Amino acid sequence: MAKPQKRYVCQACGSVATRWQGQCVDCSEWNTLV
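Per our numbering, the sequence shown starts with residue 39, numbered consecutively.
In case anyone wonders, no lab produced these hints; they're calculated from the structure.
Do not take every clue at face value.
Distance ranges between label pairs, derived from CB positions [to be verified]:
1) Met39 / Glu67: 16 to 22 Å
2) Ser66 / Met39: 33 to 39 Å
3) Met39 / Cys65: 32 to 38 Å
4) Met39 / Gly60: 29 to 35 Å
5) Asn69 / Met39: 30 to 36 Å
6) Ala40 / Val63: 23 to 29 Å
7) Val63 / Met39: 27 to 33 Å
8) Pro42 / Val63: 31 to 37 Å
9) Ser66 / Lys44: 30 to 36 Å
Note that the structure is predicted; figures quoted are calculated from it, not measured.
All C-beta atoms in this analysis are idealised placements derived from N, C-alpha and C, irrespective of residue type, glycine included.
Given the sequences, and given the hints that come with them, work out the whole structure.
Encoded structure:
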């Protein structure tokens, strides 16, 4: 069975990323991915 993937959502714009990054790629805000 496949491992469930983590999702990180930007608190500023709602963009979803599959891995944590320091800066959101869509809105360029820092430290908003949780």
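These are the hints, each one checked on the structure:
1. Met39 / Glu67: 16 to 22 Å: 35 Å, violated
2. Ser66 / Met39: 33 to 39 Å: Roughly 37 Å apart at Cβ, these two residues keep to the hinted range, so it holds.
3. Met39 / Cys65: 32 to 38 Å: 35 Å, holds
4. Met39 / Gly60: 29 to 35 Å: 32 Å, holds
5. Asn69 / Met39: 30 to 36 Å: Hint holds: Cβ distance 33 Å, inside 30 to 36 Å.
6. Ala40 / Val63: 23 to 29 Å: 25 Å, holds
7. Val63 / Met39: 27 to 33 Å: 30 Å, holds
8. Pro42 / Val63: 31 to 37 Å: 22 Å, violated
9. Ser66 / Lys44: 30 to 36 Å: 22 Å, violated
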